[in-house]
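Colleague: Those protein sequence lines, which keep their order, are chains H and U.
Position one of the first sequence corresponds to residue 551 (my numbering), numbered consecutively onward.
Position one of the second sequence corresponds to residue 69 (my numbering), numbered consecutively onward.
Honestly, the hints are just simulated from the structure, not real lab data.
Certain hints may be false.
To be verified - In silico contact screen, one side only, chain U against chain H (beta carbon under 7 Å); selected entries:
hint: 1; residue: 93
hint: 2; residue: 144
hint: 3; residue: 148
hint: 4; residue: 396
hint: 5; residue: 399
hint: 6; residue: 400
hint: 7; residue: 401
hint: 8; residue: 417
hint: 9; residue: 418
hint: 10; residue: 421
hint: 11; residue: 423
hint: 12; residue: 443
hint: 13; residue: 444
hint: 14; residue: 445
hint: 15; residue: 448
What you are looking at is a predicted structure, and each value in this text was computed from that prediction instead of being measured.
For each residue, glycine too, the CB sits at the ideal point set by N, CA and C.
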Amino acid sequence: MRFELTPRPNVSPVMRALAPVAAFITAFLIAGLVIWLMGRSPAAAFDVYVLQPLSDPWSLQELVVKATPLALIAIGLSYCFRANLWNIGAEGQYVIGAVLGSWLALKTHGTEAGLWVLPLMLLLGIIGGALWGLIPAFLKTRFGVNEILTSLMLVYVAQLVLDYLVRGPWRDPKGFNFPQSVTFDPSATLHPIFEGGRVHFGALFALIAVLATAVILGRTLFGYRLKLTGDAPRAARFAGFSSKSTTMAVFAISGGLAGLAGITEVSGQIGQLQPSISPGYGFTAITVAFLGRLNPIGILIAALVVALTFIGGESAQILLKLPLDLTQAFQGILLLCVLAGDALVSYRIRFVTRGGGK
Amino acid sequence: MKADVSSSGPPLVELKGISKRYGDLLANDGIDLSIEPGEIHALLGENGAGKSTLVKILYGVIEPSAGEIRWEGRPVSIGSPVEARNLGLGMVFQHFSLFDELTVAENIAVALSGDWDLATVRGKLGEISRTYGLALDADRAVWTLSAGERQRIEIVRCLLQNPRLLILDEPTSVLTPQEAEHLFTTLDRLSAEGCSILYISHKLEEVRRLCRRATILRAGRVVATIDPRASSAREIAALMVGSEVGEIRTDAPHHPEGEMLKVASLNLPPAGMHGQSLRDIDLTARAGEVVGIAGIAGNGQTELFAALSGERLAGGPDAVVIAGRPVGTTGIDGRRRLGAAFVPEERLGHAAAPTHRLSENTLISHAAAEVSRSGFILVNAARRLARTIVQSFDVRTPEGDPQARKLSGGNLQKFVIGREIIRKPKLIVVDQPTWGVDAGAARLIRQALVDLARQGSAVVVVSQDLDELFEVADRMAVIHQGTLSPLKPIGEWTKEAVGLEMLGVAQASGGVHAV
Ligand SMILES: Nc1ncnc2c1ncn2[C@@H]1O[C@H](COP(=O)(O)OP(=O)(O)OP(=O)(O)O)[C@@H](O)[C@H]1O
Ligand SMILES: [Mg+2]
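Use the sequences and the hints to build the structure in full.
Modeller: Here's what the structure looks like:
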């Protein structure tokens, strides 16, 4: 016996709307079960993971801070994924964006350089990420190399580049041999939106990216181009949309946004370069993009939700001694539940007993 | 010997009161139909009558809203194609269900339930292609094949499973007369071996040749069950449409003027290993005339279409000249901006995106249609355009702005042709304009193409249907293995001469039968 998925003849819009809600509840139930099996109270875990962060102003700010790079990167990835192109290397583009932007911060360190430094750093961040993203795009369009492999492998290259720089040429000479750069000057630092707050201007960039993308994907020929390329590649070619330039464009966009996320994180949050500048934002953003169903508003919500699991995970580690890996497991469960929910809305499962053989 | 239709036992399959509702639309409305063992039963009806819907229900692809299916007298519920295959049903769909990137043998292997390895499939494939004269190269990738060859894969794939009821949804719409004749022999033989066949076609002559019973649908209901040999094709068509189908008018005067399309010594290497190359193609089309290109599928029509449309670029700019401008190295949107329009052979996936609404599908020819401004989509203009096409070309839609896949095959064909004709292009190139459309709609499309020419456009029609070409073309050429015969006025061609050119034996004499 095996089972197969058959399309539902009529997909109800109510079910489609409720599917993510049901997915969330299911994911929480599964996670609760796991926590219970680990001998902790699921209720306490729920309190620590969800209720406490949402009721405390400090954590609420932290939520936005964590959601910012996730949303920026995931928005960029949604361009690729819509066109059925698989950029798995946003983490690397994030790192290279941060490196290139920081180069200017270090160059101007201790000088009287003024207001122009920060915008130029951001621009360099975008350029760095975009160029790093264009490598797999170029290899794909020129030589037909699979973009999944190249974009992923370039993540490790990027991380090693960063590692080399902070341990070697860019290390702070007065830093007691710690592998980190000098702390950026104020002119190279992205400031909080509110005096004394944690939320910096990067959050605004994410919001702008979300809104712009909503317009681009829904209302422009370029957005339609991506949709058509993803849904019917042959029709896209017939429409005059060259698949090569589409590939280059979406990789440049997603790389650029990842790079922007990288440089805003470094100059807004960390304040210096160090070997690790990301808890895996570039990979988690893939989850975020699909959780948000590649819809800009959906991605914004998904970024906040996933950020919540990050924060909840940290406090759960401290308060309940739950391993941090549980957070990642929960993100995975959540994604599976959402995808399964989507599938079950359009398909139903049917058990097939093997009758007459061949 | 054919099995006796009036034999006593229960019918092989019996449909009782089958209904299917899509929103407000009753695609099938209480349909009764029975098929005897060994019978070849025709299912007829105009575009959108509900034929594909009915056979998809029978094959377990879609679920009926009401009704019962009996198999050898026993009520069954067919929940999926797998169950249908296990019962002994085989089906060739109207639209291909093949993976472009896989080879012929792989495509067949993945669709078979049970354990088949490639070697066995390859062996069986050779056997079946030989027995039934359906030539197929097991190792070619599907994307290099013409529609006619793809259709062959689907048919062979079914025969491989020794079905007891074979459902064919417009199998011959892309076959050449010879291929079709092969198929009929095959079907006669299968029928004599006891296999029943449910046959959907818009070609009434072949139905009369093949079937002894025909069920006629109109707007989802059975309007008659007849013996097609006892009535003329005209009478049957009248039953289907509810009125007589007229002839098209071509008599309006025409004065071919400037050359809208000029192809000179066009050479194109094959796309991929097995594609057809184009050699020294010369072709002109003048404003005011219809130029026909005849030929058996797979002789370079697809490649020629791609070269004319700009989906593939020629070696130099002068190989293709549109409206006096050398465009050999200009892409498809550049050519559209010069006033050219193109309609490819495959409507689902090439001419239209299945899951996109009709209004979105108007964006595919955005380079020439007024549906965008400075990169922004004019949503309302696109909706209005889709509505106008639907009205002017009598496209029957199940809802206001449906997804393309929800249209019946013939209705989508009317839409994709209408989308291009409606903006009165100066040049239009159409590949298989009436593939799978009913007699009434075929007339509408042909008339629209002729009218367009008479209003001063150049029209190029690539078709396998010789009757169609003789009806609409002013000048005609035949394509064979990537070369094009001289373009001659239609009056100088006979069907025999065309047949010889199609087989590539125009110069050699005697010994070959005409088409
Ligand atoms: N998924 C769907 N949703 C809504 N309406 C549909 C769907 N599929 C088919 N229809 C509608 O049902 C009707 C019957 O369609 P069907 O495909 O059975 O026609 P057909 O007789 O096979 O026509 P053709 O000769 O053009 O292939 C059409 O009006 C079509 O638009
Ligand atoms: Mg049909």
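Colleague: Compare the structure with each hint and give your call.
Modeller: Hint check results:
Residue-level restraint check for residue 93/U is violated (minimum Cβ-Cβ distance to chain H is 12 Å; threshold 7 Å). Proximity of residue 144/U to chain H is violated relative to the hint, the smallest CB-CB distance being about 11 Å (cut-off 7 Å). The restraint placing residue 148/U at the interface with chain H holds, with a minimum CB-CB distance near 5 Å, inside the 7 Å limit. Proximity of residue 396/U to chain H is violated relative to the hint, the smallest CB-CB distance being about 16 Å (cut-off 7 Å).
Proximity of residue 399/U to chain H holds as hinted, the smallest CB-CB distance being about 6 Å (cut-off 7 Å). Given the 7 Å rule on beta carbons, the hint for residue 400/U holds: about 5 Å separates it from the nearest Cβ of chain H. Because the beta carbon of residue 401/U sits about 3 Å from the nearest beta carbon in chain H, less than 7 Å, this interface hint is met. Because the smallest distance between the Cβ of residue 417/U and any Cβ of chain H comes to about 5 Å, under 7 Å, the interface hint for this residue holds.
The criterion of a C-beta within 7 Å of any C-beta in chain H is met by residue 418/U, whose closest approach is roughly 5 Å, and the hint holds. A least Cβ separation of about 4 Å between residue 421/U and chain H falls short of the 7 Å threshold, and the interface hint therefore holds. The closest approach between the C-beta of residue 423/U and any C-beta of chain H is roughly 6 Å, which is under the 7 Å cut-off, so the hint is satisfied. Taken as an interface hint, residue 443/U checks out: its beta carbon lies about 5 Å from the nearest beta carbon of chain H, inside 7 Å.
With 7 Å as the threshold, the beta carbon of residue 444/U comes within range of chain H, its nearest partner Cβ sitting at about 5 Å, so the hint holds. Against a cut-off of 7 Å between C-beta atoms, the interface hint on residue 445/U holds, since the closest Cβ of chain H lies about 6 Å away. The interface hint given for residue 448/U is broken, as the beta carbon of that residue sits about 12 Å from the closest beta carbon of chain H, more than 7 Å.
The structure fails to meet hints 1, 2, 4, 15 from the earlier list, while all remaining hints are met.
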